[in-house]
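*Asks:* Here is how the chains run, residue by residue.
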Amino acid sequence: MFKKWDIIIIISLLCLSFTPELVFGVMMGKNYNGTYAEVTLDGKPYKKVLLSEHRGEDEIEVKTEYGYNTIEIKDTSIRIIDSDCPDKICVKAGFISKPGDLLVCLPHKLMIEIKSNDNEKDTDIIPMH
Amino acid sequence: MRKTFRIVFIGLLVSQALALYSVESMIPVPFIAPGAKLGLANLITVVALYTLDSKRDVFLVIILRLFLSTMIGGSLSTFMYSVAGAIFSYCAMIFVKEFFKDKVSIIGVSAAGAFFHNVGQLIVASAIVENIAIMLYLPILSIAGIGTGIFIGVTANFIVKHLSKLHYFRNLT
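The listed protein sequences derive, respectively, from chains X and W. Numbering-wise, our numbering puts 82 at position 82 of the first sequence, and it's gapless, one number per residue. Numbering-wise, our numbering puts 91 at position 91 of the second sequence, and it's gapless, one number per residue.
Do not rely on the hints blindly, as some may be mistaken.
Unchecked claim - Across the chosen pairs, the derived CB separations fall in these ranges:
1) Ala133(W) / Glu59(X): 18 to 26 Å
2) Ile8(X) / Arg56(W): 23 to 31 Å
3) Ala127(W) / Lys48(X): 49 to 57 Å
4) Ser77(W) / Leu50(X): 26 to 34 Å
What the hints assert, rightly or not - According to the in silico footprint, chain X covers these stretches of chain W (three or more CB under 8 Å from chain X):
5) 52-59
6) 125-138
FYI, nobody ran anything at the bench for these hints, they're computed from the structure. Even glycine gets a Cβ: it sits at the ideal position worked out from N, Cα and C.
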């Protein structure tokens, strides 16, 4: 009653039924619950740094016509470690790591914003004052 | 196949499918997975696929059964799920039957039909809730579906074997 191709079809259908699982697994693994830092220069996106999977220390040098900023990424947090801007506000701000946090170096028009792929879920913005 | 015979036979198939549908709705769902059911009416689709000459008549049987079963006991939402499932499984069964010809028996055709019935339903479900993640439910549904599909295929095998003894169906394989 069973033929050889019946078995082949049934087995391949069973395998096929797990494809959504695989596709979603790959997609989730890539950006699920991920935070990343977006560096913008003069409003234009310059670089994206994945933070949630980041381990160890890294440095990025950003040079513009206004000057330079050295960005340090340590594990999942990011800060501006050095800059030649006059006020050094960005350096004093220290590390940021939570979605929604901002680092701004106004003289260099540089901005680092931490974003999350599921930011609707985990950032509750409570207006103070 | 003469014209009168064709009409009567299609009518018989549709009424058998409706009877199976209403009997099936009385059986409590024997699976853990919600939404999974035996799909006894699919038996008629498979039998129609193997006994009727033209593909159009098979489609007619399916569509008539869908409309009438919705009128007997169903809602618009179950109709939408059923239509998508039925059209998907119809295409899949035609494809498997034509592509593999003699290499595949009714069991393979019926299992493919059951699987694509589930796929069609889940596509409609994910379109309704606008979330493709519903497709993650596919393995549970399709394992149950392929299981009943094999069962339906075995049953249809017996039916077609006995039908082929009638002289109307001499040309059946």
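*Asks:* If you check each hint against the structure, which ones fail?
*Replies:* 1, 3, 4 and 5
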